[in-house]
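Trainee: Here is how the chains run, residue by residue.
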Amino acid sequence: MLELQNLSFGVAENQGKKEILKNVSLNIGEDKFVVITGPNGGGKSTLAKLIMGIEKPVSGKILFDGQDITEKNITERANLGISFAFQQPVRFKGVHVLDLIRLAAKKQLSAADACQYLSEVGLCAKDYINREVNASLSGGELKRIEIATVLARATKLSVFDEPEAGIDLWSFQNLIQVFEKMRERTNGSIVIISHQERILEIADEIVVISGGSILKHGTRDEILPEILGTASAPGGCHFYRRDI
Amino acid sequence: MDKILETLLEKVAGLHEVPEGAYNIRANGMMAGRNTTANIDIVSREDGNGIDVHIKPGTKRESVHIPVILSQTGLTETVCNDFFIGDDADVTIVAGCGIHNSGAKESRHDGIHRFFVGKKARVKYVEKHYGDGDGTGGRIMNPRTEVTIEEGGYMEMETVQIKGVDSTKRDTVAHLKANAALIVQERLMTHGTQTAESNFDVSLDGENSSANIVSRSVARDTSSQVFFSNLRGNNLCAGHTECDAIIMDHAKISSLPEITANHPDAALIHEAAIGKIAGEQIIKLMTLGLTEAEAEAQIVNGFLK
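Quick note, the sequences are listed as chains A and B, same order.
Each residue of the first sequence is one higher than the one before, starting from 582 at the first, in the working numbering.
Each residue of the second sequence is one higher than the one before, starting from 12 at the first, in the working numbering.
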């Protein structure tokens, strides 16, 4: 469904060039729930952005349903069926939650229909539907609204960039339930960039990226035992485990 | 009334036909219609350049529409309207000015509105400015609003100027007595070579008086805007002024918020921000399937909503 072929990406740095991703190839199958994990700075978020077209690769190809989308822009990819949830959701002065969900759904949803998506992410819809998507919302609230926009799009492929980043523990517990629900009745493939064991535990496949390359890729049962307690998936105090 | 005037009337007052309640329509410098009610009287001033609107104390849920429309090129006028809002009244006043100029001469409307808001009265004042026509003559509007709010009175001002006015200088001066409150929401967009200046001077004279002045504007092309507001805290009071602007193309914006405390219990805040549309906002909307241009329009419309 999604094929990444020999993707490389780099940025200019101090007269030189820093490679962020090196020759990455990856296949994501139909209706799969894939978690990409690995240490910070390893290139995970860059990979997610390359899939959505927010960044363009230096070399390599991206195929979506067999079609080469490497040169397609964000809008074209969105309309082909790719969704993206930002690690740090964007705030908009004057744009209301209802506006954003309607834009995502591409139709004039009634407020009641839009509320369903908010309820699914654990927000009491009537309290939020007419709120502005601005700084008055907390990080956890914004994150859930961001996820609701992806649910409203109901596309073939949804990419979530570190959904756990910047939210409190209480919100995270609720977030896990949202993903578990998505996992149960998925109608498309889901790719999540995450460090969290609870999210890794519900994956079909796990990909470990470090230093710009894929270190491991396999089923959850193959990969999870190998990485638990390592820097790829800090399940607790690994410093303590290592040193004492 | 011809089609052009009807269009202007719809743009500035949202009116498709004669409104309900009290109204006074001024078209090309002449009175084009008037209605009064048992509680709201409208009287022409002796000099012929404006009206006095008297709202009886205790009048509830009534409205007054006073649109001004100009379609005659080269017409310049100065109109002074006074509004006397009785104690305990609760009314909506809709004013607005539309200029259609298809000629080469300048069309100009200078309006001075004075509001005398009685004790515990509540007023919602809506003002829309709009210009169109393909002539080379300028479409100029210079509104001045003077507000005096008595004890416990409340006034909410919503002013919108989104399209077609070439040059505008808006002055708003207000004096608030004890427990009085003033809320202002200004929306402004300039494009082409337009210029706009908006000045607020609000004196919080009475104990527990409060004001919240919020201006949101968008400047496109080579247009320029200046926003100036001064909140003067002369008693135990609370004031907040905020100017938030989106700058695009080669436009220029100056924002000069000022707060002056003349009393130790005056709590005053000002905020001002000018910036381009954030790239990440465009990207987010593009991930929802909008083109870059659609995303930009959505952000601007939302910001000015």
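It cannot be assumed that every hint is accurate.
[Stated by the list, open to error] Calculated cross-link-like contacts (lysine-lysine; reagent style DSS-like; alpha-carbon spacing at most 30 Å):
#1 Lys707/A x Lys174/B
#2 Lys174/B x Lys687/A
#3 Lys287/B x Lys674/A
#4 Lys688/A x Lys316/B
#5 Lys637/A x Lys139/B
#6 Lys135/B x Lys674/A
#7 Lys174/B x Lys131/B
Simulated from the structure, these hints should not be mistaken for lab results.
Trainee: Decide, hint by hint, whether the structure agrees.
Mentor: Structure-based check of all given hints:
no.	hint	in the structure
1	Lys707/A x Lys174/B	34 Å, violated
2	Lys174/B x Lys687/A	28 Å, holds
3	Lys287/B x Lys674/A	13 Å, holds
4	Lys688/A x Lys316/B	20 Å, holds
5	Lys637/A x Lys139/B	45 Å, violated
6	Lys135/B x Lys674/A	23 Å, holds
7	Lys174/B x Lys131/B	35 Å, violated
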